[in-house]
Amino acid sequence: MKNDFLTFERFDQEHAALQMAALLTQFNVPFEFENNSAPFDPSFNPGGGEKSYSIKLRKEDFERAHLIVEEDVNADTDILDPDYYLLSFTNTELRDVVVTRDEWSPFDVALSQKLLKARGAELSAQAISDMRTQRIIELSKPEKDQSLYITIGYFCALMGGLLGLFIGWHLQTHKKTLPNGNLVHAYSEDNRRSGKRIVMVGIVCLIGWALYYTSQIIPLVG
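In this note's numbering, the protein residues as written are 23 to 244.
Because the hints were derived from the structure by calculation, they are not lab data.
Since no wrong hints were added, every one of them can be taken at face value.
Okay, the calculated beta carbon distance ranges per label pair: (1) E85 / G142: 23 to 33 angstroms; (2) N57 / A140: 37 to 47 angstroms; (3) E160 / E211: 15 to 25 angstroms; (4) E211 / L184: 20 to 30 angstroms; (5) L184 / E160: 32 to 42 angstroms; (6) A232 / R86: 49 to 59 angstroms; (7) G230 / A38: 45 to 55 angstroms; (8) L233 / I159: 47 to 57 angstroms; (9) M181 / E93: 48 to 58 angstroms; (10) E125 / I240: 56 to 66 angstroms.
Beta carbons: idealized from backbone N, C-alpha and C, even for Gly.
When you get a sec, could you build the whole thing from the sequences and use the hints?
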């Protein structure tokens, strides 16, 4: 099903996205390619609208795809500009690149591992796995309390505004995709309950305000 596919990586250049698509095809990894580019540039820039492309995978294929891509770029790290920015990174910074691989290009991840090995500070596969697991645990935690957002939501809902309904719906349903492909609620259970109440208040008030204004207009029309 289409909903089984989650965003694995985004690109601003089509050729880079197509290269990854070709690599995944080579290893028989099911994927979806999406062109999310803006069809129109409001600034009338001759270059056109903003370019954006996505590769989507099934959750269970995320880890395999990471390994395939990292292995593919390993050979390219031997051809390197001496001024490449990663060369000035400390060992701690290079470890961060390896652990937070979803925030960096596959080339940078592979190069960081190679630099750490050359410096005698190589991370074992188990250490990398443990650090990535701990990061997943941290990222799984809900966002901080949304008190201000909730207050605005209630106010807008009481005024009968659609913004209140949107805020409530967002608090209740919004999820984030973790680097391993898992989907988790972005907000705490208490905040989600508040979102549900905001939606209910918004619906009641919207109907109430609609009935009120209707009652005011009908006599004038008559």
